[in-house]
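Protein chains: 2
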Amino acid sequence: MAASLDTLLAALRDGLGDRHVVTDPEDMAPYLVESRKLFTGSALAVLRPGSTEEVAFAVRACTQAGVAVVPLGGNTGLTGAGVPHGGVVLSLERLARLRAVDPVDATITVEAGMILQEVQAAADAAGMLFPLSYASRGSARIGGGISTNAGGIAVLAYGNARDLVLGLEVVLADGRVWNGLKALRKDNAGYDLKQLFIGSEGTLGIVTAAVLKLFPKPRTTGVAFVGLDSARAALDLFVFLRSRLDRDLTAFEYLPPFALEIVLRHVPGTVRPLADPHGAYALIEAASARPDADARAGLEAALSDAMADGLIADAAIGASGAQDDALWRLREGVPEAQTREGASIKHDVSVPLSRLPDFLEQAEDACIAVMPGLRPCGFGHFGDGNIHFNLTQPAEMPPADFLAEWGRFNRIVHDIVHGLGGSIAAEHGVGLIKRDELERYGDPVGLDLMRRLKGAIDPLNLLNPGKVIALRPDS
Amino acid sequence: MAASLDTLLAALRDGLGDRHVVTDPEDMAPYLVESRKLFTGSALAVLRPGSTEEVAFAVRACTQAGVAVVPLGGNTGLTGAGVPHGGVVLSLERLARLRAVDPVDATITVEAGMILQEVQAAADAAGMLFPLSYASRGSARIGGGISTNAGGIAVLAYGNARDLVLGLEVVLADGRVWNGLKALRKDNAGYDLKQLFIGSEGTLGIVTAAVLKLFPKPRTTGVAFVGLDSARAALDLFVFLRSRLDRDLTAFEYLPPFALEIVLRHVPGTVRPLADPHGAYALIEAASARPDADARAGLEAALSDAMADGLIADAAIGASGAQDDALWRLREGVPEAQTREGASIKHDVSVPLSRLPDFLEQAEDACIAVMPGLRPCGFGHFGDGNIHFNLTQPAEMPPADFLAEWGRFNRIVHDIVHGLGGSIAAEHGVGLIKRDELERYGDPVGLDLMRRLKGAIDPLNLLNPGKVIALRPDS
Numbered sequence: 009m010a011a012s013l014d015t016l017l018a019a020l021r022d023g024l025g026d027r028h029v030v031t032d033p034e035d036m037a038p039y040l041v042e043s044r045k046l047f048t049g050s051a052l053a054v055l056r057p058g059s060t061e062e063v064a065f066a067v068r069a070c071t072q073a074g075v076a077v078v079p080l081g082g083n084t085g086l087t088g089a090g091v092p093h094g095g096v097v098l099s100l101e102r103l104a105r106l107r108a109v110d111p112v113d114a115t116i117t118v119e120a121g122m123i124l125q126e127v128q129a130a131a132d133a134a135g136m137l138f139p140l141s142y143a144s145r146g147s148a149r150i151g152g153g154i155s156t157n158a159g160g161i162a163v164l165a166y167g168n169a170r171d172l173v174l175g176l177e178v179v180l181a182d183g184r185v186w187n188g189l190k191a192l193r194k195d196n197a198g199y200d201l202k203q204l205f206i207g208s209e210g211t212l213g214i215v216t217a218a219v220l221k222l223f224p225k226p227r228t229t230g231v232a233f234v235g236l237d238s239a240r241a242a243l244d245l246f247v248f249l250r251s252r253l254d255r256d257l258t259a260f261e262y263l264p265p266f267a268l269e270i271v272l273r274h275v276p277g278t279v280r281p282l283a284d285p286h287g288a289y290a291l292i293e294a295a296s297a298r299p300d301a302d303a304r305a306g307l308e309a310a311l312s313d314a315m316a317d318g319l320i321a322d323a324a325i326g327a328s329g330a331q332d333d334a335l336w337r338l339r340e341g342v343p344e345a346q347t348r349e350g351a352s353i354k355h356d357v358s359v360p361l362s363r364l365p366d367f368l369e370q371a372e373d374a375c376i377a378v379m380p381g382l383r384p385c386g387f388g389h390f391g392d393g394n395i396h397f398n399l400t401q402p403a404e405m406p407p408a409d410f411l412a413e414w415g416r417f418n419r420i421v422h423d424i425v426h427g428l429g430g431s432i433a434a435e436h437g438v439g440l441i442k443r444d445e446l447e448r449y450g451d452p453v454g455l456d457l458m459r460r461l462k463g464a465i466d467p468l469n470l471l472n473p474g475k476v477i478a479l480r481p482d483s
Numbered sequence: 009m010a011a012s013l014d015t016l017l018a019a020l021r022d023g024l025g026d027r028h029v030v031t032d033p034e035d036m037a038p039y040l041v042e043s044r045k046l047f048t049g050s051a052l053a054v055l056r057p058g059s060t061e062e063v064a065f066a067v068r069a070c071t072q073a074g075v076a077v078v079p080l081g082g083n084t085g086l087t088g089a090g091v092p093h094g095g096v097v098l099s100l101e102r103l104a105r106l107r108a109v110d111p112v113d114a115t116i117t118v119e120a121g122m123i124l125q126e127v128q129a130a131a132d133a134a135g136m137l138f139p140l141s142y143a144s145r146g147s148a149r150i151g152g153g154i155s156t157n158a159g160g161i162a163v164l165a166y167g168n169a170r171d172l173v174l175g176l177e178v179v180l181a182d183g184r185v186w187n188g189l190k191a192l193r194k195d196n197a198g199y200d201l202k203q204l205f206i207g208s209e210g211t212l213g214i215v216t217a218a219v220l221k222l223f224p225k226p227r228t229t230g231v232a233f234v235g236l237d238s239a240r241a242a243l244d245l246f247v248f249l250r251s252r253l254d255r256d257l258t259a260f261e262y263l264p265p266f267a268l269e270i271v272l273r274h275v276p277g278t279v280r281p282l283a284d285p286h287g288a289y290a291l292i293e294a295a296s297a298r299p300d301a302d303a304r305a306g307l308e309a310a311l312s313d314a315m316a317d318g319l320i321a322d323a324a325i326g327a328s329g330a331q332d333d334a335l336w337r338l339r340e341g342v343p344e345a346q347t348r349e350g351a352s353i354k355h356d357v358s359v360p361l362s363r364l365p366d367f368l369e370q371a372e373d374a375c376i377a378v379m380p381g382l383r384p385c386g387f388g389h390f391g392d393g394n395i396h397f398n399l400t401q402p403a404e405m406p407p408a409d410f411l412a413e414w415g416r417f418n419r420i421v422h423d424i425v426h427g428l429g430g431s432i433a434a435e436h437g438v439g440l441i442k443r444d445e446l447e448r449y450g451d452p453v454g455l456d457l458m459r460r461l462k463g464a465i466d467p468l469n470l471l472n473p474g475k476v477i478a479l480r481p482d483s
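Which chain is which? The protein sequence lines are A and B, in order. Numbering of the first sequence is given in our numbering, commencing with residue 9 and proceeding in unit increments. Numbering of the second sequence is given in our numbering, commencing with residue 9 and proceeding in unit increments.
Hints may be right or wrong, so weigh each one.
No copy is singled out in the list; a pair is fine if it fits within one copy or between any two copies.
[Unchecked claim] Here are the computed lysine to any residue pairs in the SDA-like style, where the Cα-Cα straight-line distance is at most 25 Å:
id : residue 1 : residue 2
1  : K225      : Q370
2  : K45       : G463
3  : K225      : D332
4  : K45       : D244
5  : K45       : A165
6  : K225      : R250
7  : K225      : T48
8  : K225      : S59
9  : K225      : A18
10 : K225      : P38
11 : K225      : A165
12 : K45       : L282
13 : K45       : S12
14 : K225      : A309
15 : K225      : L40
16 : K45       : R105
17 : K225      : P299
18 : K225      : D313
19 : K225      : F65
20 : K45       : G474
21 : K225      : M36
22 : K45       : V279
Everything labelled a hint here was simulated from the structure, so no lab data went into it.
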């Protein structure tokens, strides 16, 4: 194996250039550790191909040699999906060209390594909106967003990454290139193969390029921060606003009182938005691309009616872009505030919208019951039924002692989610961190189908092996 | 085989009841012929299971006996996907219950055999909209719409059937039931298996139930019939209206002058909408669910500005629901008018939006060049890039002589579509009628992936065999 490994590395250096076959441990290190440092991996080399052909060449060379390939984008994932255990890391960072943008087709064609924020900027420069967005947009790469079917802050109006993809170019396990770079709104010419690769976290193929949907740019926006009696009141308000604003409702984010308090405590420049404390809060955004619409006035009128109906207790509406940003900062500051407040045990879960209040109530009660002093911080994309149900440690507990209970709280929270017909992996994916949880809660027939797909498309199990699903349940 | 067949039929009669194992030739006949009568099949029996468990039982019994199963919904498909060649027909007609409707979750859970129009009505009764709609809605069954990823008249605003499905229940080739009936807006717990079964025309599994998305009901609607200089002007107008109306633009349908003329000639009650003739026409709809919006006024203002900019030549705007319906009738009457005008050779194709004018020009010229007197009638879902590029026979030609040229015109039209990066099967699917065309134009790597999927999920090739893709390219 050592000799054949040398042969492989020599061939890769020939094909990709010496500089792009990284084997120096110091240079490799940043590619081997996951963003939250929960997992550290090891690899024979890090490959940095510069074109689709080079990706295909590298994958073919590796898989012919029986060497696993772990694709990596911006390394901002939260599940360990990009952490190698042997094999090579294949970084898409150099495959980062804007191939085309077409405002008539309302499409943009990008290579997988393009930074998400640069995709947004290229769309903006063409007078259009690319709506996919999340906190790591400045370093996340679009191929990773597609491979994990990323969610984020614009799902309510525009859908998940899956909904934004019209076409894909994918390198398969045997190094062949599937050219599915279509820019079509309707295409029923056979199975919709791109769906296989979206959200499968690099286990079925390596996305090298994509055709993505663009939308008219919003011309007006309104943002409000609302005080509510409870999560149940938040649900009532959401249903009211959906009916009232329809697709102009672009965000409905939820914060429990604890989340607001730690943001105000830890995040510089944040200001208390409402005079009195409330049982729950929502950050609400409306937007419209119609030149004759005024999204702020529309939101204000709707909230005024909601208040008259007793649906909300108090509301602050941004009067300018700067004020809107300040309100958003209260929501976007939650992860940072959590980190500063102590250790967190995290869950990224979803339930049917109507079950959100039940979920929050049951999960908070169950977690506090086993560890008094624990501070639940379930916040996030309420309008999508998606809560980041994080648990902040009791104030005086050593962080390591708290984190040692990760599995125990997973069991409590995921049992409740499962019982409510929800998902234990809503928007971040499965990767390593939830692979065994998926095995536990997944439909057995569905798990068998997943194994069949993996076996049919990557029969040697060399593409990101061991992520999402183990080829044998006991392995 | 005869003995084992008798054994199978006896077992099926035991399990489903005598009345639901149809073998009388007269009773079977309606299940064996395709709606346009292009294909007639044969089958051992027609099965009518009444529950998911009975579907599973029937499939298990048949596939264990090596007997193929062809699922059938409302038998309104246009590609021969439901036509059996031996084996049994499995009709979903009795699996037709509304399981649940939830206006808070904005979901409806239906069995596959529910008539599309009844799904729409159930959503409406709950104060919501189920937007999937097409001409055969009074007899098409929802399972067929999902299995073919049906398009129709609401795709511009709401997407294809695929975009409306949150969860599925599917009976697999071995009779196991995959329970994927989730009502979640975000779910990344493993591969998105439902995507496999949407649009695969019953070749990978039999959809027995689905959770579908609902939307706020439009409160105001506006409809206009517009005269334009050309298809290129239609594209300019579409881009203008998309930017102006954003998601309030719910339909942008195209008619060439010939289509309008034959509708006025053949469809009773239709009235010429504009005084002068034009080079092209568009049927445009705007709608809004926002109580403070007036979709008709918004459409009128936008068209007035478009006229001032020289984008359109003339427009008629409906002043009432009845007038709106009359304008829609001009578009919806096209298929009927074509039938009355003579024989048609049909193509259901899509291209990137920006290439629509090129496609129409090239395809019309190329077809007329080989058969002077031929009358091209490319009409339909312009805003989706989807044209039903139909060819009406020369007035004096015997229909059979014209229809004998079907393959020749397919080659001309599909070559142009392929050259423009389009799809030869936009919304109706592949079935039998385009299987060999898909083999010709499909990406070879993609075709191989399709075969691998089919082989992995239906290894004995007993679910709707021979449709969409042959398991071996030469079979």
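Verification of the hints:
no., hint, verdict
1, K225 with Q370, "neither (40 Å within a copy, 33 Å between copies)"
2, K45 with G463, "neither (31 Å within a copy, 40 Å between copies)"
3, K225 with D332, "within (17 Å within a copy, 30 Å between copies)"
4, K45 with D244, "neither (39 Å within a copy, 52 Å between copies)"
5, K45 with A165, "neither (33 Å within a copy, 42 Å between copies)"
6, K225 with R250, "both (21 Å within a copy, 11 Å between copies)"
7, K225 with T48, "neither (41 Å within a copy, 50 Å between copies)"
8, K225 with S59, "neither (31 Å within a copy, 47 Å between copies)"
9, K225 with A18, "neither (49 Å within a copy, 63 Å between copies)"
10, K225 with P38, "neither (36 Å within a copy, 51 Å between copies)"
11, K225 with A165, "both (13 Å within a copy, 16 Å between copies)"
12, K45 with L282, "neither (37 Å within a copy, 68 Å between copies)"
13, K45 with S12, "neither (32 Å within a copy, 61 Å between copies)"
14, K225 with A309, "both (23 Å within a copy, 20 Å between copies)"
15, K225 with L40, "neither (38 Å within a copy, 50 Å between copies)"
16, K45 with R105, "neither (29 Å within a copy, 50 Å between copies)"
17, K225 with P299, "both (10 Å within a copy, 23 Å between copies)"
18, K225 with D313, "between (28 Å within a copy, 20 Å between copies)"
19, K225 with F65, "neither (39 Å within a copy, 52 Å between copies)"
20, K45 with G474, "within (19 Å within a copy, 50 Å between copies)"
21, K225 with M36, "neither (40 Å within a copy, 55 Å between copies)"
22, K45 with V279, "neither (31 Å within a copy, 70 Å between copies)"
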